[in-house]
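Residue numbers (full-length UniProt numbering), protein chains in the order written: chain C, 1 to 281; chain L, 1 to 516; chain E, 1 to 313.
In short, the hints are calculated from the structure, not lab data.
Predicted model only: the values in this text are computed from it and were never measured.
Possibly wrong hints are sitting among the right ones.
[Unchecked claim] Straight-line C-alpha distance at most 30 Å; calculated DSBU-like pairs for lysine-lysine:
id, chain 1, residue 1, chain 2, residue 2
1, C, K138, L, K137
2, C, K138, L, K355
3, C, K138, L, K406
[As the list claims (entries may be wrong)] Going by beta-carbon spacing under 10 Å, a handful of chain C positions derived as facing chain L:
id, residue
4, T46
5, L64
6, V132
7, P137
8, G219
9, L220
10, P224
11, N236
12, I238
13, L240
14, T241
The beta carbon of each residue, even a glycine, is placed where N, CA and C say it ideally should be.
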Amino acid sequence: MTAAVAPASLLRTAARTGRTRVGLVLVALVVLTALLGPLVAPHDPTDFVGVPFGRDSLFGADNLGRDVLSRFLHGGQLLLVLSIAATVVGVGVGTALGMVAGYRGGWRDELIMRIGDVVLAFPQVVLALLFVSIAGPKVWLLVTVVGLSHAPRVARIMRDATLMVVERDFVKAAEVTGTRRLRIMTGEILPNVTGPLMVELGLRLTYSIGLIAALSFLGLGLQPPTADWGLMINENRIALTVQPWAVVLPVVAIAVLTIGTNLVTDGLARASAGLGRGVER
Amino acid sequence: MSATSTRRDVLRWAVAGGAVLLTGCGTQAAPGAAGGPPRRGGRLRAGIVGGSAKDSLDVHAPVTHPDEARVLQLYDSLLCYDTDFRIQPALAEEVTPSADAKTWTIRLRQGVEFHNGKAVTAEDVAFSLRRIVDPAKPQAGAVGLAAIDPAGIEIVDPRTLRLNLRTPDAVLADQLAQYNNGIVPIGYDPKKPIGTGPFAFGSFEPGQQSTFTRNPKYWRENEPYLDEIVIIDFPDDTARVNALLGGQVDVIDQLPLGQIEVVRANPALKVLDSETGAWTPFTMRVDQPPFDDPRVREAFRLIVDREQMVKQVLGGHGVVGNDLYARFDPAYAKDLPQRKQDIGRAKELLKQAGKENLTVELVTSAVAAGLVEAAQVFANQAKAAGVTVNVRKVDSGEFYGDNYLKWTFAQDFWFTRSYLPQTAQGSVPGAPYNETHWSDPKFVDLIAQARSTVDEKQRAELIKQAQRMEYDSGGYIVWGFANQVDAHSVRVNGLVPDRSGVPLTSYGFRRAWMSA
Amino acid sequence: MVRLAVKRLVFGALILWAVSVVVFLATAALPGDTAQAILGREATPERLAALRLELHLDDPLVSQYFSWLGGLLTFDPGRSLVNGLPVAEFVGPRIVNSLVLMLTAAVVSTPLAMFLGTWSAVRRDRAADHVTAVVTLVLAALPEFVVGITLVIVFATGPLRLLPAVYVGTGQVTFVDLVLPALTLVLAVGPYIVRMMRATMIEVLESEYVQQARLKGLPERTVLLRHAVPNAVGPVAQVVALQLAWLAGGVVVVEFLFRYPGIGYALVDAVNNRDLPVVQALALLIAALYIVVNLLADLVSLVANPRVRTAIR
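Given the sequences, and given the hints that come with them, work out the whole structure.
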């Protein structure tokens with residue numbers, strides 16, 4: 001679990017399994033839809049093409065009579081960008097704190113982990129409900145709330161991973177030669193915890209997508225008239241039986257995306273475990 | 001004097017008019033016309049939009065829809081509106097203004113009893129009116145009844161009282177017909193609610209449900225037909241519709257647009273579609289840039305494609321508006337030309353005002369059906385005129401928070417009202433809900449004159465002038481009047497279309513009956 | 001172990017205090033106050049002033065906090081601002097309802113998921129395993145509200161009218177009211193447990209410990225039940241705990257969807273009403289639940305097998 005592995009080689013190893021490949025294909029499918037969708041969408045996502053919930057066009061119209069297909073094709077970008085941003089924030093902050101806690105130990109460890117416990121004691125939805133209600137639904141707030149709610153979970157994992165590395169000879173050697181602590185953390189420890197780090201990235205990305213979509217669904221996420229998958233589900237779920245596409249398309253896209261990231265994460269976890277084992281034994 | 005007699009005639013005639021009209025605020029048609037003679041008995045379960053732990057039974061302080069529904073079962077006002085939005089007698093059999101509109105005389109209906117068996121007397125009416133306008137704890141109707149002087153309420157005899165008003169008010173009758181100005185007995189306690197309504201209090205679980213049992217001594221003939229009413233709170237649209245589809249409730253209010261076709265297609269269910277005078281305006285603050293320039297306000301009114309608004313926001317279940325409210329008022333200015341979208345003219349006006357490429361924030365909240373949707377449609381329409389509208393959706397707590405009635409550009413919703421009572425609520429300085437901060441002295445003067453004018457023709461003339469001013473330069477964009485769309489099981493009879501904008505025939509469960 | 005439990009309990013109490021401060025500040029910072037929320041559209045300055053006086057909303061924030069905290073320490077969480085009921089009386093039945101819902105979901109999903117995971121691991125790479133893998137993946141990827149809506153259409157409003165679509169009543173919950181919300185939660189938390197159980201079982205089945213048991217010639221059934229499963233329970237307990245803790249938040253969406261009279265439904269309502277005492281009580285309760293569940297999970301993994309390290313979370 002602790003060998004120095006370049007992320008690229010980890011990915012390559014992971015990509016050898018069928019599962020990971022399927023995952024990558026699924027993710028690519030959704031990402032391409034989100035990126036290229038706006039270019040091929042037949043209408044502007046806020047233009048009106050028919051009566052509300054009408055069924056004249058391919059996938060019909062939404063609650064305001066806007067083209068479902070066009071809104072679907074426009075609706076993935078922000079979700080992806082926000083999920084990735086929240087993941088980077090959460091895993092970044094979590095890794096930094098986890099490494100400090102694991103490497104320095106003592107009161108820093110206690111402080112970081114106990115604050116983490118406080119944050120963990122709030123279910124993520126409740127945390128989001130409170131803070132979004134205070135500041136209003138802002139994009140930066142979404143990223144921060146979702147990211148920071150990941151941080152303590154990531155910190156726990158990274159602390160454990162760090163603890164296993166710090167006892168190793170090369171860290172001790174670096175300490176003896178007087179290398180600065182920051183240097184040790186970035187130069188010696190970080191390259192040796194990329195396995196769990198990659199797994200965390202994948203896992204937290206999956207959760208971020210689900211959480212941001214759920215917040216949009218609760219009306220706490222992205223704001224109308226933005227075309228957004230979570231929001232689309234919220235706006236149109238009342239007519240699920242009349243005009244299912246406006247709900248089904250975004251649900252399928254979110255599901256495919258999370259299945260994809262799940263599979264890739266799975267592959268990464270296996271590869272990381274396998275590589276680690278290979279080096280250690 | 002001819003005007004006084006007009007109003008008097010209406011009220012007196014209604015009372016003298018015989019058995020059919022004794023149902024007062026009903027329709028002219030017999031209630032059971034659709035499904036045979038009304039059948040007595042049964043239990044009606046009503047799924048009502050909204051409701052929360054803050055639910056109340058207080059006669060004078062309804063806030064949520066379930067509150068309104070409860071108030072309308074438990075209590076009666078002195079007057080009421082029929083389904084055509086005309087005033088009819090209720091607990092009062094006669095309400096008469098003096099020639100100067102400074103004194104009103106109220107004559108009570110004989111033999112009406114509260115749920116506890118006590119007769120309704122002038123003392124109870126005095127108590128109720130004083131409770132509403134109490135300066136230490138003003139109730140919802142206090143603003144409308146501002147002209148009432150608690151010290152000037154005079155009890156003539158047990159069935160008659162005289163109100164000596166602070167200021168003349170020729171349209172006080174409209175206020176006495178509001179459902180939130182109900183009559184309760186002296187010593188009224190909202191925890192043990194007693195009124196004269198068609199149903200008496202059974203049980204109450206805030207945020208969940210409440211039950212009401214038939215009042216056998218109800219003063220309207222034959223009504224009510226049902227033995228029991230259950231009012232169930234449903235904050236979530238999907239849950240409410242599912243309850244109807246699953247047969248867990250018999251009626252629901254506010255059928256969401258997306259479900260109208262589903263209910264129409266279901267042979268066990270019926271849609272109740274009522275044309276109303278309810279309006280959901282955009283509100284522009286006339287004392288703040290950019291809307292302090294009347295040219296900008298006019299431009300914004302010209303930006304709106306009203307037909308498209310009605311089509312996209314209401315799915316066609318409504319009619320276009322002409323930037324005027326009170327469409328059922330006899331003095332409604334029908335002759336003003338219908339305003340239509342004119343992007344060219346709007347751009348020109350904005351250019352004259354030096355406000356090209358304007359960016360504004362439109363604050364919206366899901367506090368009523370269609371608000372958030374209308375905001376989005378407007379934002380889209382504004383693009384053509386080079387105006388960027390950023391929709392900002394806030395939760396209801398924030399919308400009604402510190403900035404309530406102070407937002408520069410926002411929305412509101414109103415039920416059907418007549419013109420002068422509506423201006424007293426929102427269009428003159430000192431009105432509690434004057435969200436546009438409209439305070440043109442000439443307008444104020446016209447309204448004051450109209451309020452003290454008992455002659456209906458003269459009053460209508462003054463009202464038309466006031467409407468012209470609002471049409472030209474007011475702070476509202478009244479793009480349309482939404483239909484009230486409700487739904488019920490085919491087993492429920494007696495509910496009819498109603499202009500008030502209050503759902504389910506103004507929650508008129510007294511006229512409902514269940515077929516076998 | 002007792003020392004550990006005591007230490008964790010003390011920490012738990014400290015965490016709860018920190019949570020109470022955060023929640024108090026957060027609710028105080030919500031735009032709009034209780035009086036405005038109660039009156040809503042009808043909030044005229046005169047009526048606001050009268051109501052604020054009645055509710056003591058003009059008291060300084062610090063004194064509001066300490067009077068609340070003082071009440072809590074004497075087991076009196078105060079009264080709801082919006083309907084005047086004592087918080088305990090108002091929240092009590094809802095807590096019971098939510099606990100019933102969560103426990104039902106947990107009691108059904110945990111053994112079922114652990115069984116499925118074990119079965120899948122034993123049948124590794126065979127058709128049954130693949131089917132389980134795909135189904136759990138899809139279920140795990142579907143948002144719970146989608147699962148709930150689908151269940152309603154299938155069992156309540158569609159051709160099969162077997163179960164109530166939403167809860168209708170005065171707060172008492174019966175078995176039929178419980179089925180659809182509980183099933184939604186089971187389908188939401190189950191898949192993760194299945195997948196974790198499968199992964200852990202595969203690891204355990206490959207471990208030397210199990211191999212030795214097999215070499216001893218013990219029947220596979222015994223190996224599985226006596227040796228493999230107990231070793232897998234520890235790490236899986238962590239996942240189960242995480243999922244149960246998730247339930248505390250997950251009920252919010254599900255209760256809203258089914259109009260289920262529990263704490264999630266009450267919390268959304270209380271935040272909307274700015275009903276500080278109720279928000280406080282509910283947030284603390286959810287946090288306490290989380291802490292207790294995690295503590296239990298740690299104890300279970302210690303009891304189940306102290307040798308298995310608890311790295312899998």
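To see whether the hints hold, each was checked on the structure:
1. At roughly 38 Å between alpha-carbon atoms, C/K138 and L/K137 are farther apart than 30 Å, so this suggested pair is violated.
2. Our distance criterion of 30 Å between C-alpha atoms is met by C/K138 and L/K355, whose separation comes to about 28 Å.
3. Restraint check: the Cα-Cα separation between C/K138 and L/K406 comes to about 22 Å, which is no more than 30 Å; the hinted pair holds.
4. At a threshold of 10 Å, the smallest CB-CB gap from C/T46 to chain L is about 5 Å, leaving the interface hint in force.
5. Of the supplied interface hints, the one on C/L64 holds, with its beta-carbon coming within about 5 Å of a beta-carbon of chain L, less than 10 Å.
6. Because the closest C-beta pair between C/V132 and chain L is about 9 Å apart, less than 10 Å, the hint holds.
7. Because the smallest distance between the Cβ of C/P137 and any Cβ of chain L comes to about 7 Å, under 10 Å, the interface hint for this residue holds.
8. At its closest, the beta carbon of C/G219 sits 7 Å from a beta carbon of chain L; the interface hint therefore holds under the 10 Å criterion.
9. Interface restraint check: C/L220 against chain L, minimum CB-CB distance 9 Å, threshold 10 Å, status holds.
10. A distance limit of 10 Å between C-beta atoms decides the matter here; for C/P224 the minimum to chain L is near 5 Å, and the interface restraint holds.
11. Hint status for C/N236 relative to chain L: holds, with the closest Cβ pair at about 7 Å, below 10 Å.
12. Evaluation of the C/I238 hint against chain L yields a held restraint, the C-beta minimum of about 5 Å falling below 10 Å.
13. Taken as an interface hint, C/L240 checks out: its beta carbon lies about 8 Å from the nearest beta carbon of chain L, inside 10 Å.
14. With its C-beta approaching chain L no nearer than about 6 Å, C/T241 sits inside the 10 Å limit, and its interface hint holds.
The earlier numbered hint that this structure contradicts is number 1, and it is the only one.
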